[in-house]
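Q: Take a look at the letters that make up each chain.
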Amino acid sequence: MNWIIVLVGFMSINLSVCLKELEYSTPRSCKELKQRFDFNTDGLYYLSTASGVVYQTYCDMTTAGGGWTLVASVHENNMYGKCTTGDRWSSQQGGSPNVPEGDGSWSNTVTFGTAEAATSDDFKNPGYYDITAEDVAVWHVPNNKRVDHWKVKSFLRYHTETKFLNSYRGNLYNLFKLLPVKFGVGTCPTNHGPSVPLVYDLGDATSNHNLYGPNIRAQTQSGFITFRAINTEGAAMAICSGVKPTGCHNEHCCVGGGGHFPEASPRQCGDFTGFDWDGYGTGVGWSASKQVTEAAVLIFYR
Amino acid sequence: MNWIIVLVGFMSINLSVCLKELEYSTPRSCKELKQRFDFNTDGLYYLSTASGVVYQTYCDMTTAGGGWTLVASVHENNMYGKCTTGDRWSSQQGGSPNVPEGDGSWSNTVTFGTAEAATSDDFKNPGYYDITAEDVAVWHVPNNKRVDHWKVKSFLRYHTETKFLNSYRGNLYNLFKLLPVKFGVGTCPTNHGPSVPLVYDLGDATSNHNLYGPNIRAQTQSGFITFRAINTEGAAMAICSGVKPTGCHNEHCCVGGGGHFPEASPRQCGDFTGFDWDGYGTGVGWSASKQVTEAAVLIFYR
Amino acid sequence: MNWIIVLVGFMSINLSVCLKELEYSTPRSCKELKQRFDFNTDGLYYLSTASGVVYQTYCDMTTAGGGWTLVASVHENNMYGKCTTGDRWSSQQGGSPNVPEGDGSWSNTVTFGTAEAATSDDFKNPGYYDITAEDVAVWHVPNNKRVDHWKVKSFLRYHTETKFLNSYRGNLYNLFKLLPVKFGVGTCPTNHGPSVPLVYDLGDATSNHNLYGPNIRAQTQSGFITFRAINTEGAAMAICSGVKPTGCHNEHCCVGGGGHFPEASPRQCGDFTGFDWDGYGTGVGWSASKQVTEAAVLIFYR
Numbered sequence: 002m003n004w005i006i007v008l009v010g011f012m013s014i015n016l017s018v019c020l021k022e023l024e025y026s027t028p029r030s031c032k033e034l035k036q037r038f039d040f041n042t043d044g045l046y047y048l049s050t051a052s053g054v055v056y057q058t059y060c061d062m063t064t065a066g067g068g069w070t071l072v073a074s075v076h077e078n079n080m081y082g083k084c085t086t087g088d089r090w091s092s093q094q095g096g097s098p099n100v101p102e103g104d105g106s107w108s109n110t111v112t113f114g115t116a117e118a119a120t121s122d123d124f125k126n127p128g129y130y131d132i133t134a135e136d137v138a139v140w141h142v143p144n145n146k147r148v149d150h151w152k153v154k155s156f157l158r159y160h161t162e163t164k165f166l167n168s169y170r171g172n173l174y175n176l177f178k179l180l181p182v183k184f185g186v187g188t189c190p191t192n193h194g195p196s197v198p199l200v201y202d203l204g205d206a207t208s209n210h211n212l213y214g215p216n217i218r219a220q221t222q223s224g225f226i227t228f229r230a231i232n233t234e235g236a237a238m239a240i241c242s243g244v245k246p247t248g249c250h251n252e253h254c255c256v257g258g259g260g261h262f263p264e265a266s267p268r269q270c271g272d273f274t275g276f277d278w279d280g281y282g283t284g285v286g287w288s289a290s291k292q293v294t295e296a297a298v299l300i301f302y303r
Numbered sequence: 002m003n004w005i006i007v008l009v010g011f012m013s014i015n016l017s018v019c020l021k022e023l024e025y026s027t028p029r030s031c032k033e034l035k036q037r038f039d040f041n042t043d044g045l046y047y048l049s050t051a052s053g054v055v056y057q058t059y060c061d062m063t064t065a066g067g068g069w070t071l072v073a074s075v076h077e078n079n080m081y082g083k084c085t086t087g088d089r090w091s092s093q094q095g096g097s098p099n100v101p102e103g104d105g106s107w108s109n110t111v112t113f114g115t116a117e118a119a120t121s122d123d124f125k126n127p128g129y130y131d132i133t134a135e136d137v138a139v140w141h142v143p144n145n146k147r148v149d150h151w152k153v154k155s156f157l158r159y160h161t162e163t164k165f166l167n168s169y170r171g172n173l174y175n176l177f178k179l180l181p182v183k184f185g186v187g188t189c190p191t192n193h194g195p196s197v198p199l200v201y202d203l204g205d206a207t208s209n210h211n212l213y214g215p216n217i218r219a220q221t222q223s224g225f226i227t228f229r230a231i232n233t234e235g236a237a238m239a240i241c242s243g244v245k246p247t248g249c250h251n252e253h254c255c256v257g258g259g260g261h262f263p264e265a266s267p268r269q270c271g272d273f274t275g276f277d278w279d280g281y282g283t284g285v286g287w288s289a290s291k292q293v294t295e296a297a298v299l300i301f302y303r
Numbered sequence: 002m003n004w005i006i007v008l009v010g011f012m013s014i015n016l017s018v019c020l021k022e023l024e025y026s027t028p029r030s031c032k033e034l035k036q037r038f039d040f041n042t043d044g045l046y047y048l049s050t051a052s053g054v055v056y057q058t059y060c061d062m063t064t065a066g067g068g069w070t071l072v073a074s075v076h077e078n079n080m081y082g083k084c085t086t087g088d089r090w091s092s093q094q095g096g097s098p099n100v101p102e103g104d105g106s107w108s109n110t111v112t113f114g115t116a117e118a119a120t121s122d123d124f125k126n127p128g129y130y131d132i133t134a135e136d137v138a139v140w141h142v143p144n145n146k147r148v149d150h151w152k153v154k155s156f157l158r159y160h161t162e163t164k165f166l167n168s169y170r171g172n173l174y175n176l177f178k179l180l181p182v183k184f185g186v187g188t189c190p191t192n193h194g195p196s197v198p199l200v201y202d203l204g205d206a207t208s209n210h211n212l213y214g215p216n217i218r219a220q221t222q223s224g225f226i227t228f229r230a231i232n233t234e235g236a237a238m239a240i241c242s243g244v245k246p247t248g249c250h251n252e253h254c255c256v257g258g259g260g261h262f263p264e265a266s267p268r269q270c271g272d273f274t275g276f277d278w279d280g281y282g283t284g285v286g287w288s289a290s291k292q293v294t295e296a297a298v299l300i301f302y303r
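For the record, the sequence lines run as chains A, B and C. Numbered by the working numbering, the letters in the first sequence go through residues 2 to 303 in order. Numbered by the working numbering, the letters in the second sequence go through residues 2 to 303 in order. Numbered by the working numbering, the letters in the third sequence go through residues 2 to 303 in order.
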């Protein structure tokens with residue numbers, strides 16, 4: 002980040018006047034970037050955290066007023082790998098009661114991946130824990146798409162408008178500190194986290210619901226995003242994209258999770274949990290469709 | 002988009018005039034760096050992609066006119082680990098028909114490693130997919146050498162001069178999109194990719210050939226670099242360094258590959274495939290020499 | 002080399018005067034940062050290596066005169082995972098005589114992690130091999146603490162004052178080149194590396210000793226940091242934090258190590274070796290306390 006060098010340079014040669022101005026001049030979110038400079042183009046921008054970490058991420062500057070910051074992507078690198086290398090949003094340790102929280106990525110400051118590879122690998126940037134936000138947006142983008150094709154190739158995009166994050170300390174990092182993604186912390190349905198109603202920007206509640214298998218459709222209501230769901234066996238999942246559970250077999254429609262899923266362990270363990278329960282991408286029984294199984298889940302803040 | 006920060010930074014100190022000039026000032030390759038600023042020293046430089054990702058890599062500014070950009074290194078971290086953690090150019094998933102493309106690194110935008118550690122770990126920078134090039138150069142450098150010793154410690158260096166990349170959309174990322182490194186996409190020898198003649202900068206066709214076992218030497222012709230070779234069982238490999246297959250047991254002289262190698266699976270799976278088929282570094286039968294087994298393969302563009 | 006870009010940027014706006022100042026303005030360590038600019042605040046700063054790699058890390062600017070640079074952290078992500086993914090300071094290859102040096106992180110230039118996540122993941126920055134130092138400091142900080150809470154949440158902090166690194170080429174990278182962390186390089190106690198006396202900044206020799214199990218306390222003397230210890234079976238460990246071995250069961254009080262630990266292999270293999278020999282965090286027999294088992298070991302240079 003050569004410009005950082007310049008900034009550091011100025012700072013350390015006591016041109017503190019530049020530094021002060023610079024403090025005003027490094028945006029911490031795409032929302033701030035839009036508000037202050039009125040950028041209207043979707044694409045990659047540089048942001049900085051409160052502690053001075055500079056990183057590049059994608060800003061959606063056009064949807065519903067724009068100012069959406071990409072902070073994470075959940076990508077299934079191997080549906081057949083059950084909590085193996087690359088399952089950074091669940092566990093890379095094989096699935097075991099000894100690692101109830103798995104890798105713990107939902108509530109720690111570990112970062113990984115890059116914005117340009119967000120549909121080819123798991124991605125988590127410092128904005129995930131640094132930005133104070135009110136709402137989230139989610140995109141489902143087929144794997145291995147280039148940044149400038151994400152929006153046009155996506156098949157589902159939605160956002161919340163309830164400012165629900167105000168009740169959870171302003172971001173998912175803090176939400177998941179309050180509601181741990183950890184085996185054994187609660188029961189279904191008593192201890193599910195919030196289900197927030199959605200506004201669809203591409204697709205609708207029906208097309209969203211049809212991404213999942215018929216059996217789990219019968220146990221969910223579409224048009225909501227749910228955080229920290231629990232399943233029958235007490236396993237915890239981070240995000241149920243587009244649905245609100247009415248039953249407890251949530252491993253077939255929720256992504257991310259703790260490190261232990263007791264039922265047929267480790268068959269439900271992985272970034273996309275039990276999406277392949279009745280076959281890979283079959284869309285039959287409990288299995289999700291090929292379309293949603295082979296797409297990354299991009300998570301934005303505003 | 003890194004211009005945003007520059008814009009911001011400079012606007013805040015009222016030097017917005019420089020923005021335009023700055024746009025001219027970030028080179029995308031070592032070739033451009035050399036052409037515009039006539040640098041003649043091998044070493045680490047900063048480059049920027051079209052999307053504004055700034056990264057540091059090694060430039061060979063002296064060989065055959067210079068301007069060579071290091072974009073990747075293939076390093077075998079554990080010859081005994083068959084598609085285990087660290088096999089980023091093949092598969093970290095153990096080797097299975099379920100992951101025919103393995104980690105997919107040859108044709109995605111995932112990056113890893115650093116230039117300074119390119120002989121101690123796998124390395125892939127944004128130049129791999131961002132730079133438009135015509136030729137490639139390859140160095141074989143013993144593992145764990147420091148940057149300033151790479152050239153003197155290397156035992157084999159060569160480059161192409163045919164501008165073959167013009168026929169494959171300008172880089173290996175695009176070449177491997179056209180010719181997937183994936184189990185089952187073709188047969189041997191029908192579906193091998195291009196074999197390009199070499200100009201040697203250190204070593205020659207004979208010393209190059211002798212790096213591999215006698216059995217595979219009898220099935221290859223030296224003095225070429227081959228891309229996307231197929232073996233008897235239909236497994237795909239990315240690069241055969243210095244040789245053109247005349248037979249089909251290419252897993253003993255090619256590096257990188259898909260995630261599945263049927264013969265004695267997973268014994269041929271890994272960044273250096275079946276280099277140890279007749280023992281580690283023995284140079285006997287099908288086995289490669291210790292020298293090539295314990296050296297990283299550095300890949301340059303120009 | 003990053004100055005090239007700066008040069009270009011600034012020359013293009015005719016501010017080449019800044020360039021000269023910039024050359025003076027990139028500190029290579031927190032010590033240099035303190036000496037030249039008299040910073041007195043603990044926190045994150047940017048540093049640059051001789052080769053121009055710019056990175057951010059934590060500086061302790063207050064302890065014993067300040068100027069301490071965080072260069073690494075050893076974090077046990079899964080005490081039950083024996084040389085599995087995340088054991089970057091020992092081996093991610095399962096533990097085997099075939100990988101006697103494990104991942105080799107103690108004596109190569111591979112870097113990983115970030116300063117902000119240094120208590121949630123293994124961390125190694127370019128300062129580890131780039132900085133020329135005389136002494137080390139170590140902090141034990143409970144896992145998953147935020148940077149601004151490290152000091153207050155830590156339960157043990159100490160440093161050396163003997164300038165012992167002058168005898169080992171100025172840093173741990175070079176020390177471990179001289180004294181490899183590799184199975185089979187020596188015997189216990191003949192081939193232990195240096196044991197350096199400590200000055201405690203938080204805690205004392207007794208509280209330090211009590212972090213480990215009673216059996217190993219009986220075989221160690223507290224108040225020293227020991228580098229490259231060997232155990233009964235010839236396995237090598239990198240750092241024994243706060244103790245000097247008088248016996249040979251050092252896998253119960255030393256962190257980091259080679260890739261092979263013969264006794265009950267791979268039960269002693271991992272970033273925190275055999276800390277759980279008599280149960281996880283029990284503090285009974287050979288087992289370490291829960292407090293030290295669930296804390297990252299932060300390593301500083303000065």
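Just so you know, these hints were derived from the structure itself, not from any lab. All values reported here derive from a predicted model rather than from experimental measurement. Wrong hints could be hidden among the right ones.
Just so you know, same-sequence chains aren't split out, so a pair can sit in one copy or run between any two.
[What the hints assert, rightly or not] Here are the simulated lysine to aspartate or glutamate pairs, EDC-like style, with alpha carbons at most 20 Å apart: (1) 178 with 149; (2) 164 with 234; (3) 291 with 279; (4) 154 with 135; (5) 146 with 264; (6) 154 with 279; (7) 146 with 135; (8) 178 with 295; (9) 164 with 136; (10) 291 with 43; (11) 245 with 162.
Q: Now tell me, hint by hint, if it's right for this structure.
A: Outcome of the hint check:
1. 178 with 149: Only across copies: residue 178 and residue 149 sit 18 Å apart there, 34 Å inside one copy, limit 20 Å.
2. 164 with 234: neither (31 Å within a copy, 56 Å between copies)
3. 291 with 279: Within one copy only: 12 Å inside a chain, 42 Å across chains, cut-off 20 Å.
4. 154 with 135: Cα proximity of residue 154 and residue 135: none, with 27 Å in one copy and 30 Å across.
5. 146 with 264: neither (34 Å within a copy, 33 Å between copies)
6. 154 with 279: neither (27 Å within a copy, 48 Å between copies)
7. 146 with 135: So residue 146 and residue 135 fail the 20 Å test inside a copy (28 Å) and across (24 Å) alike.
8. 178 with 295: Close across copies (18 Å), not inside one copy (29 Å); limit 20 Å.
9. 164 with 136: Answer is within; shortest intra-copy Cα gap is 5 Å, inter-copy 51 Å.
10. 291 with 43: Neither: 28 Å inside a chain and 48 Å across chains, both beyond 20 Å.
11. 245 with 162: Result: close within a single copy only, 17 Å intra versus 60 Å inter.
Hint compliance for this structure: hints 2, 4, 5, 6, 7 and 10 are not met, and every other hint is.
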